[in-house]
Amino acid sequence: MRVSATAKYLRASTRKTRLVTQAIKGKRVEEAAALLRFMPQKAAGDVARVLKSATANAENNHNLSAEDLVIVDAVANEGPTIKRFQPRAQGRAFPIHKPMTHITITVADQEA
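Going by my numbering, the first residue of the sequence shown is number 1, and it counts up by one from there.
No lab work stands behind these hints, which were simulated from the structure alone.
Certain hints may be false.
[Unchecked claim] Pairs of lysine-lysine, DSBU-like flavour, derived with a Cα cap of 30 Å:
id : residue 1 : residue 2
1  : Lys42     : Lys25
2  : Lys27     : Lys83
3  : Lys25     : Lys8
4  : Lys25     : Lys98
5  : Lys8      : Lys98
6  : Lys52     : Lys42
[To be verified] Ranges between beta-carbon positions, derived for each pair:
id : residue 1 : residue 2 : range
7  : Thr6      : Lys42     : 13 to 21 Å
8  : Met1      : Pro95     : 19 to 27 Å
9  : Asn61     : Lys16     : 24 to 32 Å
10 : Arg84     : Gly45     : 21 to 29 Å
These numbers were taken from a predicted model, which means no experiment stands behind them.
The C-beta atom is built at its ideal place from N, Cα and C for all residues, glycine as well.
Work out the full structure: start from the sequences and follow the hints.
Written out as structure tokens, the structure is:
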């Protein structure tokens, strides 16, 4: 059985978050959690939080054991961009783009 968890509108770059999600795809949940704990990327904390939520959903809602869970899919999709302007010299203004991302992690038991 597949169980998923999603976090939306996280203030992180989608490209940088994808590096983290690709590293954990296909791994066991415990192994991925240990890997995320020692990753230097800021997005690793957000991905770890979503992974913990997906594991809790599987245990509490579907009575699956956490030891048997494998990450089937880990996706970081692009969210909206917050746009700001930085005042510059001589009346100019440069745009600042603050990207957001949506993270979805799907776990399943190893038999599935």
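query = Any hints this thing doesn't respect? Which numbers, in order?
reply = 2, 8
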